[in-house]
Amino acid sequence: MKIHEYQAKAVLAEFGIPVPKSGVASTPDEASAIAAEMGERSVVKAQVHAGGRGLAGGVKVVGSPAEAASVAGDLLGNKLVTHQTGPDGVPVTRVLIEETAQIAKEYYLAVVIDSGSRGPVIMASEAGGMDIEEVAATTPEKILRANIDVVIGLQPFQCRHLAYGLGLPGELIRPAAALITNLYRVFEAKDCSLAEINPLVLTEEGQLLALDAKLDFEDDALARHPELQELRDTDQEDPLELEASKFDISYVKLDGDVGCMVNGAGLAMATMDSITMAEAMPANFLDVGGGATEEQVAQAFRLLLSDPQVKRILVNVFGGILRCDVAARGIVAAAEEAEDRVPIVVRMLGTNADEGKEILAQSNLGVTLVNDLNEAAAAIRQAAG
Amino acid sequence: MSILVDENTRLLVQGITGREGSFHALRCMEYGTNLVAGVTPGRGGTMWEDKVPVFNTIGQAVDETEANVALIFVPAAFAADAILESADAGIPLIACITEGIPVMDMVRVSKFLESRPSRLIGPNCPGLISPGSNCKIGIMPGNIHTPGRVGVVSRSGTLTYEAVNQLTALGIGQSTCVGIGGDPIVGTSFVDVLELFQNDSDTDAIVMIGEIGGSKEQEAAEYIRDHVTKPVVSLIVGVTAPPGKRMGHAGAIITGSAARAEEKVRALREAGAHIAPSPAEIGITMKAALGV
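Protein sequences, first through last, are from chains G and P.
The opening position of the first sequence corresponds to residue 1 in the numbering used here, with each subsequent residue numbered one higher.
The opening position of the second sequence corresponds to residue 1001 in the numbering used here, with each subsequent residue numbered one higher.
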């Protein structure tokens, strides 16, 4: 689960990490009032669940409260399009008004899970404020790492190694070590999948400050963090993905026109790849789950039908715990309610596949039944019309 | 003709009285697996389906039945504890089917397992099966498998069934099929299973199915290049997945260039693996590799 920058900074502050003075506004008037508290200059930052805000015009330095109100007015109620959002962008309903900082140097600091070492790793770099992926690709020697043994936890010496490695002046080694320790405490206490400060700045006054922050929480651990569930902003989510999450269906919206419904994540990805090989593009990833009921299959199928981009549908079910006849009944129930008909290609295999195919053949949906993924790809190609 | 599980397997099911556990325990038994015990705290002293004794703790179950493989169907919030209990009781092989265990729980579990002799398969996996020994430890449909000499290892569930089905349709049987799981942190890696297959005199060739996320396929490629003399057929799925989006499996997310399908395919091809050109062609690629 993603949260906004202002929410992430509130969590960091709670754990003793220094953040700039700021306030959140949802109207230009509020923006002006908060900016007045910051002095003459301040920064107005659009709050969206996407990176690349600066280049997209979502972060602006302003010279007066009036200008803060004007910039906030331009951002609020509109959509921000960044390289991470897709062409439709995401709505801006809040802006963060923050004091400006006199930056002497920028650093990068993050905690993630490293599946290679099977544990958390702290990454730090003197190349702050940049895309860390790019740093990793071009100058990997600029990234320092400390693997954490969760049994003994993060150790003081590891923090010192990172702080000295970043080339910080002597008087800042202790504060930096404390900051790193506190960021790891956030990561552990909140079950983060990412806890990132980028940039972490050293100010002209010699202070360390988390100028921008990103916290992603692990979905599988949210059940034990009711306080984090309250931070969810569903306005930032794709409406179809939001709908799917209500029914426990694993769904990701994509750009193509072939809707697909599959049981199992690996087989779903294989089906998407087969669609691409047929010179088409999948409209979504959808794993209906191993033990789906007829109603869940129907819900998943309604989701495909409700996507205006979907012009043809491919269903791939390998019956195991989910029986093919159950899947077929779910499909028929959902498709028969629909007003518009789109071509449907179905491949069924495994438990009760023959019964499933019979149910689909008896319906008036005009389903094309195929036997394997190659035939499925060919049928999808034909359905392009 | 197998690795990890065979006719000497004595299975214990954790969560045997639950809906999922009960359903699959029955199917494992029907396939021929020697199911010796069930464990559900509070249900000790009862008989499951009038056939199998249920115990309150793993320790009691092992003492009474000499169970040597544990299969876990415990809800995600309690699954890490279930794995630890089996490892503490000294069970050599633990397969955890449960999906959705918090990552930090698995970090702690894998740290604990480093100091124990137990091997964990999964979590978030279909389990493993040795058709020649009629031994099924998991949720896969038994009837698609056939005894033979090809080993299968995969991060996926239904895609593994797809691969097995293609092999069986071409008359190519399997020695053992292992689903290692779709989570970022799993107990047994591709490399572990490749090593077991390479050293198994009853396995002639290996199917390895990977996907986007992490860099375990690259580690496998290095191992294949340096140590595997048997033919390896590989498929990597998720070519069309966008970066930053989780494709169902918690581990199937592109977070860096190494996590992309193209990078994994390139590494495996350079290591000498036969790459299946499409998901529909796993079976025929193996047929060609075996020259049958």
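Hints listed in this document are in silico derivations from the structure and should not be mistaken for laboratory results.
Even for Gly, the Cβ is constructed at its ideal location relative to N, Cα and C.
Keep in mind that a hint or two might mislead.
[To be verified] Distance condition first, Cα-Cα at most 27 Å in a straight line; then the derived DSS-like pairs of lysine-lysine:
hint, chain 1, residue 1, chain 2, residue 2
1, G, Lys214, G, Lys190
2, G, Lys79, P, Lys1245
3, G, Lys246, G, Lys214
4, G, Lys105, G, Lys79
5, G, Lys214, G, Lys2
6, G, Lys105, G, Lys142
7, P, Lys1051, G, Lys214
8, G, Lys79, G, Lys2
9, G, Lys2, G, Lys21
10, G, Lys60, G, Lys2
11, G, Lys214, G, Lys142
12, G, Lys60, G, Lys21
13, G, Lys253, G, Lys79
14, G, Lys21, G, Lys253
15, G, Lys357, G, Lys214
16, G, Lys190, G, Lys246
17, G, Lys60, G, Lys190
18, G, Lys79, G, Lys21
19, P, Lys1245, G, Lys311
20, G, Lys190, P, Lys1287
21, G, Lys253, P, Lys1111
22, G, Lys2, P, Lys1245
23, G, Lys190, P, Lys1245
24, G, Lys246, P, Lys1245
[As the list claims (entries may be wrong)] Residues on chain G that point at chain P, a partial pick, calculated with CB under 7 Å:
hint, residue
25, Ile113
26, Glu133
27, Val150
28, Glu218
29, Leu222
30, Ala265
31, Ala270
32, Asp273
33, Asp287
34, Gly350
35, Asn374
We went through each hint and held it up to the structure:
1. G:Lys214 / G:Lys190: holds, 13 Å
2. G:Lys79 / P:Lys1245: holds, 21 Å
3. G:Lys246 / G:Lys214: It holds: about 25 Å lies between the C-alpha atoms, which stays within 27 Å.
4. G:Lys105 / G:Lys79: This hinted pair is violated, its Cα atoms lying about 32 Å apart.
5. G:Lys214 / G:Lys2: Since the Cα atoms of G:Lys214 and G:Lys2 sit roughly 8 Å apart, the hinted pair holds (cutoff 27 Å).
6. G:Lys105 / G:Lys142: Given that 27 Å is the threshold and the Cα spacing comes to 15 Å, the pair holds.
7. P:Lys1051 / G:Lys214: violated, 54 Å
8. G:Lys79 / G:Lys2: Status holds; Cα separation ~18 Å.
9. G:Lys2 / G:Lys21: Since the Cα atoms of G:Lys2 and G:Lys21 sit roughly 22 Å apart, the hinted pair holds (cutoff 27 Å).
10. G:Lys60 / G:Lys2: holds, 23 Å
11. G:Lys214 / G:Lys142: Holds, at about 21 Å.
12. G:Lys60 / G:Lys21: holds, 16 Å
13. G:Lys253 / G:Lys79: Holds, at about 19 Å.
14. G:Lys21 / G:Lys253: violated, 37 Å
15. G:Lys357 / G:Lys214: violated, 48 Å
16. G:Lys190 / G:Lys246: holds, 23 Å
17. G:Lys60 / G:Lys190: violated, 31 Å
18. G:Lys79 / G:Lys21: holds, 26 Å
19. P:Lys1245 / G:Lys311: Measuring from Cα to Cα gives roughly 23 Å; hence the hint holds.
20. G:Lys190 / P:Lys1287: violated, 49 Å
21. G:Lys253 / P:Lys1111: violated, 36 Å
22. G:Lys2 / P:Lys1245: holds, 12 Å
23. G:Lys190 / P:Lys1245: The given pair, whose Cα atoms are some 21 Å apart, holds under the 27 Å limit.
24. G:Lys246 / P:Lys1245: With a Cα-Cα distance of about 18 Å, the restraint between G:Lys246 and P:Lys1245 holds, given a limit of 27 Å.
25. Ile113: holds, 5 Å
26. Glu133: holds, 6 Å
27. Val150: Since chain P brings a Cβ to about 5 Å from G:Val150, closer than 7 Å, the hint holds.
28. Glu218: Given a least distance of 6 Å, the restraint on G:Glu218 holds.
29. Leu222: violated, 9 Å
30. Ala265: holds, 3 Å
31. Ala270: holds, 4 Å
32. Asp273: OK, holds: G:Asp273 within 7 Å of chain P, min 5 Å.
33. Asp287: At 4 Å from the nearest chain P Cβ, G:Asp287 passes the 7 Å test, so the hint holds.
34. Gly350: The hint holds - G:Gly350 has a Cβ within 7 Å of chain P, the shortest such distance being about 6 Å.
35. Asn374: Where the cut-off is 7 Å and the nearest Cβ of chain P is about 4 Å from G:Asn374, the hint holds.
Hint compliance for this structure: hints 4, 7, 14, 15, 17, 20, 21 and 29 are broken, all remaining hints hold.
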